[in-house]
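Chemist: Sequence:
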Amino acid sequence: LKRQQQMSDSLSAARQDLVQFSRDARTFTDQKCQDLASNLEIMSNELRGNFERMLAGIAKDLTTMDDRLTSSIAAVEKKTATHLSEELALARETTRTEIERAVEHEQGARLKAETEHL
Numbered sequence: 001l002k003r004q005q006q007m008s009d010s011l012s013a014a015r016q017d018l019v020q021f022s023r024d025a026r027t028f029t030d031q032k033c034q035d036l037a038s039n040l041e042i043m044s045n046e047l048r049g050n051f052e053r054m055l056a057g058i059a060k061d062l063t064t065m066d067d068r069l070t071s072s073i074a075a076v077e078k079k080t081a082t083h084l085s086e087e088l089a090l091a092r093e094t095t096r097t098e099i100e101r102a103v104e105h106e107q108g109a110r111l112k113a114e115t116e117h118l
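Mind the numbering: the sequence shown is residues 1 to 118 in our numbering, read in order.
It should be emphasised that the hints constitute simulated quantities derived from the structure, not laboratory data. One should not assume that every hint holds.
Unchecked claim - Only pairs whose alpha carbons sit at most 20 Å apart, straight line, appear in this in silico EDC-like list of lysine to aspartate or glutamate:
no., residue 1, residue 2
1, 78, 67
2, 79, 67
3, 78, 66
4, 112, 100
Predicted model only: the values in this text are computed from it and were never measured.
Please take these sequences and the hints and turn them into a complete structure.
Modeler: Below, the structure written as structure tokens:
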């Protein structure tokens, strides 16, 4: 009877140890899951920050490229306008000179015709 009591007490103690071990294991697992979730959140925030910094850098680069492109286009347009203006002025001067020569030639021809006629 004493032996049975000892075995019953041993089984009860073992059962209590097993229950305590189970609780400890659950607590440990819960803590590790919380640690993992916390680490994942930290990593996610770091990645988000890196991504946002990368996007900001790309946006800055695009703005810089847009500004440079706009500036280059304006320079080309200015050169083109200057070139066209110079070409038009030259064409205008050439036309004026040709008209003056034609008028002088016509006046000379009329004077000659009138002189011959007299």
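Chemist: Could you check the structure against the hints above and give me the numbers of any it violates, in ascending order?
Modeler: none
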